[in-house]
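Protein chains: 2
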Amino acid sequence: MNITVPKKLLSDQLSLLERIVPSRSANPLYTYLGLYAEEGALILFGTNGEVDLEVRLPAEAQSLPRVLVPAQPFFQLVRSLPGDLVALGLASEPGQGGQLELSSGRFRTRLSLAPAEGYPELLVPEGEDKGAFPLRTRMPSGELVKALTHVRYAASNEEYRAIFRGVQLEFSPQGFRAVASDGYRLALYDLPLPQGFQAKAVVPARSVDEMVRVLKGADGAEADLALGEGVLALALEGGSGVRMALRLMEGEFPDYQRVIPQEFALKVQVEGEALREAVRRVSVLSDRQNHRVDLLLEEGRILLSAEGDYGKGQEEVPAQVEGPGMAVAYNARYLLEALAPVGDRAHLGISGPTSPSLIWGDGEGYRAVVVPLRV
Amino acid sequence: MNITVPKKLLSDQLSLLERIVPSRSANPLYTYLGLYAEEGALILFGTNGEVDLEVRLPAEAQSLPRVLVPAQPFFQLVRSLPGDLVALGLASEPGQGGQLELSSGRFRTRLSLAPAEGYPELLVPEGEDKGAFPLRTRMPSGELVKALTHVRYAASNEEYRAIFRGVQLEFSPQGFRAVASDGYRLALYDLPLPQGFQAKAVVPARSVDEMVRVLKGADGAEADLALGEGVLALALEGGSGVRMALRLMEGEFPDYQRVIPQEFALKVQVEGEALREAVRRVSVLSDRQNHRVDLLLEEGRILLSAEGDYGKGQEEVPAQVEGPGMAVAYNARYLLEALAPVGDRAHLGISGPTSPSLIWGDGEGYRAVVVPLRV
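Quick mapping for you: the protein sequence lines, in order, are chains A and B. Position one of the first sequence corresponds to residue 1 (our numbering), numbered consecutively onward. Position one of the second sequence corresponds to residue 1 (our numbering), numbered consecutively onward.
Isolated chain A, as found in the complex:
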């Protein structure tokens, strides 16, 4: 055996790859997990064609060439191994293809290897070579998580919405912005981190989810981002540990600035959770097609109501309302999702049933646009 690695470490790091590597794929090679070793490190890698991921962990290791093992049994086995250590090495039997021998405690297995030819080259940048990745920046992983998770919900899940199925990342000297929209509502989050270059990149929303998962595991480390042709690379703490490459969507968002309202007939301040709870309750009665909930905004309160096949419901929420009384209706799901990232205090800017409304929180970079339903 040429590699020994603590079971828990291996098992923990595999959980990142387990989410990426598909159990079934039109390209069967994607269902394999790659691994190789060099002095002192075991490197595991996988891809689903959209996201490449590489994880490096310290191990008692001599060198092992790149091999491909069937990913699903490898994941299942490692999770359940009886020993504290896992030993890995190449085995070959006469008349057979290569095999990876894995043992732990009283358990031993030999996994059949796939030929490595045809496995895609991972797109992670190598060290300081700026050739394929000319645009580079670094930001705190926690801030990046905040920006991505605040806007993710607004991306479209519909196959045919093309570019709206992604989250647009905007790098500029003014700062960093994440923005998502499905054409009916929009969410953006600004980080006041001036960037050394101007660029836009649209990451598929599902890849954003994986990016967030990796960043959350970074435990506050700095995230290195590198933009190349059609790809965004992410590395944690200067390239060691986890490296990730995300294929970008082609194109960029149409100009959305003009739909963000700047002035409002009515400004509302309300306790965030109280409003969310009331919308949730009242919307149980809403029409099951359009999820319509009506808001009557008056001095000192919002009166919410909904009516559908089941009956009708209403609830009053105390609020600070500046401006003339007004009635406006929203799709309850859109309203709830826009309100979800807002903390204790929600601000609403409303100009009537035919103008987009703006929702934001106290002093955060988050803003959401929701278009009211026609009354």
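No lab work stands behind these hints: they were computed from the structure. Wrong hints could be hidden among the right ones.
Repeated chains share a single entry, so a pair holds when one copy, or any two copies, can fit it.
[As the list claims (entries may be wrong)] Once the Cα atoms are required to be at most 30 Å apart in a straight line, the calculated DSS-like pairs of lysine-lysine come out as: (1) Lys312 - Lys7; (2) Lys267 - Lys200; (3) Lys8 - Lys267; (4) Lys8 - Lys312; (5) Lys216 - Lys146; (6) Lys7 - Lys216; (7) Lys267 - Lys312; (8) Lys146 - Lys200; (9) Lys8 - Lys146; (10) Lys267 - Lys146.
Following the hints, put chain B in place on chain A, whose structure we already have.
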């Protein structure tokens, strides 16, 4: 409002009904929840056509006639109500059908009622009237749960397996037995509780799951069982609180006694969890069609091995083996499920690859029969 009930109490009790009442059904009336009140009590009831359930909770109540409310919104609403109390009452508006008014805190709703005609009569027995339920018995709910949960897994999930999709309950002066089989394996559990009558009743496995859930909520109370024509009724603590009626399957199990082996060429004792873990690991490598895992039984050990497309695996488990060395193979899933209810110590009685094997634990009423795969 004529009824006031604590929200938490209502919400907790509804969770039982929530599992029974379907959100969609060929009979739309099943998607409604019934309720009525009499002095000091609110009674809720529902059915899915297989299981009837009635829950009675103390409430400040005057009388309320039987009404049917749409169940799904009622469940959703009650769970999320803002107040500590829920008030219920009948409301009717001119020119409309009946409505149930529900209010809690600042929230108010009116739910449209369905006409109660056509809603099935629940099959729960009324008081001491033995007419429709001549056979009655009582046993500790915890014991009954044990018997049912030990054997449930062996029932078939296949539509075409008819009677094998149920769990047979056997009442006799010798005791109470629960038994399940899908034709390939069998599990039974004997309770040494002599019964005053002789009868067999087959409860659909899915209804058994609901029965177990209700019994688990009984917190050690006695369970009253009553057998009627095609129905088993269950009440907790003398008829107050929860009452349940389960429609029985027609017929009874074919004679299964002859497949339970009484003598074995080989007797094995082994640590239960060690064997289960080893089977789980080795079976990762097993053939994905038949899940075959091979056991080589030798003095002092069981050597498990499996081989499939992914490669092969093996593990050794220390064991007390009495008898000649022997090789036998099982479907790993069947073996694991038969071993699951066995505690710290598993006993296996094996007579070779063409005879059924018996599995049991230390001094429990549980026995399982598994048929080996042909070597």
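Here is how each hint holds up against the structure:
1. For the homomeric pair Lys312 and Lys7, the shortest alpha-carbon distance between copies (20 Å) is at most 30 Å, but the shortest distance inside one copy (56 Å) is not.
2. When the C-alpha separation of Lys267 and Lys200 is checked against a cutoff of 30 Å, the pair qualifies neither within a copy, at 32 Å, nor between copies, at 70 Å.
3. For a Cα distance limit of 30 Å, the shortest separation of Lys8 from Lys267 qualifies neither inside one copy, at 53 Å, nor across copies, at 36 Å.
4. Taking the closest pair of Cα atoms, Lys8 and Lys312 come within 30 Å of each other only across two copies (23 Å); inside a single copy the shortest separation is 54 Å, beyond that limit.
5. Taking the shortest Cα distances, Lys216 and Lys146 sit within 30 Å of each other inside one copy (10 Å), while across copies they are farther apart (42 Å).
6. For the homomeric pair Lys7 and Lys216, the shortest alpha-carbon distance inside one copy (22 Å) is at most 30 Å, but the shortest distance between copies (38 Å) is not.
7. Proximity of Lys267 and Lys312 under a CA criterion of 30 Å is satisfied intra-copy only: 27 Å inside one chain copy versus 68 Å between copies.
8. In this assembly of identical chains, Lys146 and Lys200 lie within 30 Å of each other by CA distance solely inside one copy; the values are 18 Å within and 61 Å between copies.
9. Taking the shortest Cα distances, Lys8 and Lys146 sit within 30 Å of each other inside one copy (29 Å), while across copies they are farther apart (35 Å).
10. Taking the shortest Cα distances, Lys267 and Lys146 sit within 30 Å of each other inside one copy (26 Å), while across copies they are farther apart (61 Å).
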